[in-house]
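Enquirer: What follows is the residue order along each chain.
Number of protein chains: 2
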Amino acid sequence: MKARKIDSVKSEIRVVGVDDGFFIPRTRGLCDVIGVVFRGGHWLDGVMRTRIEIDGLDATEKIADMITCSPHYGQLRVIMLDGVTFAGFNVVDTDKLLEITSLPVIAVTRKQPDFKDIRKALENLPCAEKRWKAIRNAARIVKVFPRSGEEAIFMQVTGVEIDVAEKIVRQTATRSNVPEALRVAHLIASGLTSPLQE
Amino acid sequence: MKARKIDSVKSEIRVVGVDDGFFIPRTRGLCDVIGVVFRGGHWLDGVMRTRIEIDGLDATEKIADMITCSPHYGQLRVIMLDGVTFAGFNVVDTDKLLEITSLPVIAVTRKQPDFKDIRKALENLPCAEKRWKAIRNAARIVKVFPRSGEEAIFMQVTGVEIDVAEKIVRQTATRSNVPEALRVAHLIASGLTSPLQE
Numbered sequence: 135m136k137a138r139k140i141d142s143v144k145s146e147i148r149v150v151g152v153d154d155g156f157f158i159p160r161t162r163g164l165c166d167v168i169g170v171v172f173r174g175g176h177w178l179d180g181v182m183r184t185r186i187e188i189d190g191l192d193a194t195e196k197i198a199d200m201i202t203c204s205p206h207y208g209q210l211r212v213i214m215l216d217g218v219t220f221a222g223f224n225v226v227d228t229d230k231l232l233e234i235t236s237l238p239v240i241a242v243t244r245k246q247p248d249f250k251d252i253r254k255a256l257e258n259l260p261c262a263e264k265r266w267k268a269i270r271n272a273a274r275i276v277k278v279f280p281r282s283g284e285e286a287i288f289m290q291v292t293g294v295e296i297d298v299a300e301k302i303v304r305q306t307a308t309r310s311n312v313p314e315a316l317r318v319a320h321l322i323a324s325g326l327t328s329p330l331q332e
Numbered sequence: 135m136k137a138r139k140i141d142s143v144k145s146e147i148r149v150v151g152v153d154d155g156f157f158i159p160r161t162r163g164l165c166d167v168i169g170v171v172f173r174g175g176h177w178l179d180g181v182m183r184t185r186i187e188i189d190g191l192d193a194t195e196k197i198a199d200m201i202t203c204s205p206h207y208g209q210l211r212v213i214m215l216d217g218v219t220f221a222g223f224n225v226v227d228t229d230k231l232l233e234i235t236s237l238p239v240i241a242v243t244r245k246q247p248d249f250k251d252i253r254k255a256l257e258n259l260p261c262a263e264k265r266w267k268a269i270r271n272a273a274r275i276v277k278v279f280p281r282s283g284e285e286a287i288f289m290q291v292t293g294v295e296i297d298v299a300e301k302i303v304r305q306t307a308t309r310s311n312v313p314e315a316l317r318v319a320h321l322i323a324s325g326l327t328s329p330l331q332e
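Chains as they are written, first to last, in the working numbering: chain A, 135 to 332; chain B, 135 to 332.
Bound conformation, chain A alone:
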């Protein structure tokens, strides 16, 4: 598996940040997933959307399709995910996402994932082992301090060196300790799909 090479982290590096919208846990149905393209940490370049099944197994393919079919694909250098579980326990296999898109993947969380809790929750779902494998695939967790004096975040990196990933996270976390593409993806996904508005 080879990602497009990142020779230097340009200030206007194109990243897509991916987050999911509101859904009712443990129900059947679809959940919106939003991708937001940023040039560096300042300029919003585009928005894309897909839908995945709550607790389903289609997150990796659907997110890969959303990205590769987008007009921004050719410009993108990195995929950033809000963790690796979407719409409940629809797990993104970051190795597979890298393989399909040829883009490195940085999964970012504000809290250190508790694998014991996750493993337990998976027990009630079909294909528990497949999901667990994807979660474990997402590489080791690295603590990063994107902004001095602010809280740390945690990242799992696939397809690029840790120090390059750290640099990208720092460069793009311009307004908070979370990369701007992910902060805005969260705002859009939750603003569009809040239960009050449906």
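It cannot be assumed that every hint is accurate.
Claimed, not checked - Label-pair ranges, simulated between beta-carbon atoms: (1) B:E285 / A:P260: 52 to 62 Å; (2) A:K245 / B:P260: 49 to 59 Å; (3) B:D141 / A:N271: 54 to 64 Å; (4) B:D192 / A:F279: 45 to 55 Å; (5) B:I275 / A:G283: 42 to 52 Å.
No wet-lab data here; the hints were simulated from the structure.
Ideal placement from N, C-alpha and C gives every residue a C-beta, glycine not left out.
Starting from the structure of chain A, add chain B where the hints point.
Expert: Frame of chain A, contents of chain B only:
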């Protein structure tokens, strides 16, 4: 009709920019309308959504509800619209929008509206006079150059002095000649509702 008073245009003035998504002209159905809250021209603070009827008569009420029911309402100082016609000829009555929300309204277009063409198009729709009245209500058109060396845009201003409106447009057009809240509302609305993704 009184708008909340704007004593000075602060650099972080809260504005909501409103634009509509994709729809098939001259059909029946609903069209997404997106509101994007910006602090000045740099910081995206939130996203909201409503749905209006294609060529309907509900744009004013639906957009007013979307804004007044949002958690951002208390912070907002100005509403910016991408023109006054949404989802075809669902016209926003800016006087009424000001009356319901107590917020001044700045409708911005890249091109000078051609009232002769609009009037003609309205003839085929029910309540043509009501729509026409709302369009004419939206005040005289003022040409503004938000950024030196770039193209002019046109604004129609309700509930605030022209020079204050000009200042707000200049302050918030940080990335192009269109205020950032409107530029991003357009990107979100069209990214979410592109015909390819439905």
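Enquirer: Does each hint fit the structure? Answer for all of them.
Expert: The hints, checked one at a time:
Remark: the range hint 52 to 62 Å for E285 (chain B) to P260 (chain A) is upheld by a beta-carbon distance near 56 Å. Checked against the given bound of 49 to 59 Å, the beta carbons of K245 (chain A) and P260 (chain B), roughly 55 Å apart, stay inside it. At about 56 Å, the beta-carbon gap between D141 (chain B) and N271 (chain A) stays in the expected band of 54 to 64 Å. As the Cβ distance of D192 (chain B) to F279 (chain A) is approximately 49 Å, the hint placing it in 45 to 55 Å holds.
The hinted range of 42 to 52 Å is satisfied by I275 (chain B) and G283 (chain A), whose Cβ atoms lie roughly 48 Å apart.
In summary, the structure agrees with every hint in the numbered list given earlier.
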